[in-house]
Amino acid sequence: MEFLGYFGGVFEPVAFMLLLGGTIGGLILGATPGLSPTMAVALLIPFTFQLEPTQGLILLGAAYTSTVAGGAVSAILLKIPGAPANIATALDGHEMARKGQGAKALHMSFMASGVGGVLGVLLLIFLTPLLAKWALAFGPSHLFWMAILGVTVIGSLDSRSFVKGLLSGCLGFWLSMIGYDDIQGAQRFIFHDALTGGINIIAALIGIFAIPQVIEMFAKGRVPSSISSLNVERQSLMASLRETFMYKRALAIGTVCGSIIGLIPGVGGQIAGLLAYDQSRKFSPDRDKFGTGHPEGVIAAESANNAMVGPSLVPLLTLSIPGSPTAAVLLGGLLIHGIFPGTDLFDNHPQVAWTFINSMLIGQILMVVFGIWISGWAARVSKVPTPIMAGAVLVLSLFGSYSIQQSMGDVYIMLVLGLGMYLLEKFGFSAAPLVLGLILGPIAEANFIQGSMIANAGDGLIDYFLTGTLNLFLIAMVLASMAYSFWATMIHEPRVAASRAAQTKAEAAE
Amino acid sequence: MTASTHRLQHLVPATLIFALAATVTWLSFTREPADAFLFPRIISVVMIGLAAWNFARAALGLARVGTGLSTGLLIRTAPGVAVTLVYVFFVAKWLGFYAASWLACVMIYALYDPTPHSSAAWAKRILVPAGFTVIIYLLFNTLLKVQTPRGIFF
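Quick note, the sequences are listed as chains P and Z, same order. Taking my numbering, the leading residue of the first sequence gets 46, the next gets one more, and so forth. Taking my numbering, the leading residue of the second sequence gets 5, the next gets one more, and so forth.
Don't read these hints as lab results, they were simulated from the structure. Wrong hints could be hidden among the right ones.
[Stated by the list, open to error] Listed next, the stretches of chain P that the computed footprint assigns to chain Z, with coverage defined by at least 3 CB atoms under 8 Å from CB atoms of chain Z:
(1) 85-96
(2) 217-224
(3) 385-395
(4) 452-458
[As the list claims (entries may be wrong)] Below are the BS3-like pairs computed for lysine-lysine, each with C-alpha atoms no more than 30 Å apart in a straight line:
(5) 149(Z) x 265(P)
(6) 178(P) x 327(P)
(7) 327(P) x 471(P)
(8) 149(Z) x 97(Z)
(9) 293(P) x 327(P)
(10) 128(Z) x 124(P)
For every residue, glycine included, the Cβ atom is placed at its ideal position computed from N, Cα and C.
All chains should be modelled from the sequences, with the hints used to inform the complete structure.
So, in structure tokens, the structure goes:
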């Protein structure tokens with residue numbers, strides 16, 4: 046119950062204003078199609094440089110929580126999910142809005158998000174100290190394998206191709222090695238003066254997540270916007286609240302699915318929402334109504350994608366392994382303030398850790414209140430013309446990456462990585478494993494070097510890294526994640542080939 | 005996109021990545037001190053193995069994931085990417101960050117705005133980026149005290 050002692054920090058004027066600003070800003074950004082939660086959090090990091098670590102994390106955490114929930118607004122009113130996590134919400138939410146129940150759908154989505162989110166954060170509160178204590182038993186070899194596991198899991202689960210997922214992770218590891226070696230001071234892979242200090246993680250994150258989205262906006266061309274928003278009628282809040290809690294089964298399924306999915310690194314909110322939607326339909330006596338504007342679909346999907354947020358931070362805060370790309374960006378935010386997750390965080394910076402976690406709990410409540418209040422307005426913001434949005438994101442990327450070290454080198458790195466990532470994505474590579482490799486590379490290398498020094502003084506490298514129960518367990522997990530990905534690729538690729546063949550045949554027939 | 009174009013498109017990035025992996029491996033095994041390149045050696049061996057596998061799949065036409073680049077996509081994105089490159093690599097330092105940002109936003113808005121060119125449309129294209137630039141100035145200069153390079157303007 047240590048966390049109860051740190052609630053005061055959340056209500057300090059600056060911290061609370063940041064929580065409020067992050068929540069409202071996140072809701073609006075989340076409602077804007079094309080702006081992903083990861084990109085929103087990456088673009089916010091430069092604004093935290095002048096803040097205390099706790100305040101910076103509160104801002105980033107609030108944005109993370111509310112962008113996921115805000116995505117429901119455009120999913121319901123425009124049938125365009127604000128983020129991949131809201132895909133399942135659009136299925137029934139938009140149908141409800143078409144039937145004139147838009148306000149009810151929005152109320153229910155925010156209330157369900159709040160319930161799922163609060164329970165997810167409570168899981169984070171109770172699991173994190175336990176795992177952090179367990180992490181004390183981890184030596185350099187275990188931390189090395191954990192870092193490798195972080196990359197292989199995300200490379201395997203977040204990518205549609207086994208080879209390209211792992212290759213993306215290796216590219217990330219390589220990028221993390223550019224610059225001066227920490228121990229020997231040797232120059233490594235410095236092909237240009239801008240790379241002398243290595244690749245700054247924040248500049249890289251901004252480039253990798255923001256620039257591809259800017260180019261995607263360019264790719265839409267000069268096409269008039271065909272987005273039409275449905276009107277939001279008046280609806281009693283109490284009636285929505287009563288009705289939300291009438292669907293206890295959907296709330297429970299969504300929260301449980303989201304919490305479990307959140308704990309698995311790399312799986313993400315999209316899967317959580319879709320899985321909860323599917324399970325809720327299977328267990329519902331009204332399963333035939335799903336897809337026609339049934340509230341259970343909205344409640345299950347939204348409670349799941351917000352329940353995922355808290356647990357996705359458990360591996361990050363205890364073992365330094367981000368559970369999702371957004372968590373990886375949060376790790377970048379922690380590292381720039383000189384804070385290393387794990388036991389260090391809870392032993393030496395409990396104020397930072399617990400105030401941040403508590404702020405996420407309060408943020409869930411603020412998200413429900415402000416989400417319901419501004420959802421109609423946020424839908425209007427989501428119709429901002431694409432070229433304005435593209436220009437704004439580009440300019441924010443330039444200023445954000447420059448402000449890290451007041452260096453043009455970081456700006457060039459940001460743009461080059463962003464353009465490279467766009468091209469790589471077009472050929473099936475994925476950003477998440479690359480970012481994980483970039484962030485976990487230094488952790489893996491430092492522990493590998495430390496481990497090899499211990500091994501040289503004792504049993505030798507092979508015995509030190511490849512024996513012991515925990516090492517073997519982690520190696521088995523690495524191999525299992527790769528085997529799963531290989532199996533999934535074998536199933537997925539023939540389907541892609543079949544659909545492409547059908548498409549070519551149809552084009553030829555035309 | 006025909007099957008041969010698709011195969012060729014996947015072959016180009018696969019070749020570039022293989023060349024990069026080969027360069028990284030060569031540098032890792034030839035540069036000194038060896039201790040500083042121990043971890044890069046391990047990663048580069050895995051990387052070149054995967055890059056070779058990826059190249060072989062692309063060469064055999066088995067690379068199926070990823071949509072590739074179509075001519076239409078290149079035509080639509082080229083003007084925006086050109087503005088981005090000129091903005092970041094040349095104009096930002098030359099004109100000053102704020103003036104360059106305003107200009108880049110006006111250019112992007114004008115290039116991708118579907119409304120017909122009229123004085124009202126141009127007024128909007130100039131004033132909306134100007135308003136956004138003022139917000140950026142207040143955020144970065146006044147609030148965050150970021151000293152940006154001063155060019156011809158500011």
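| Which numbered hints are broken by the structure, listed smallest first? | 3, 5, 6 and 7
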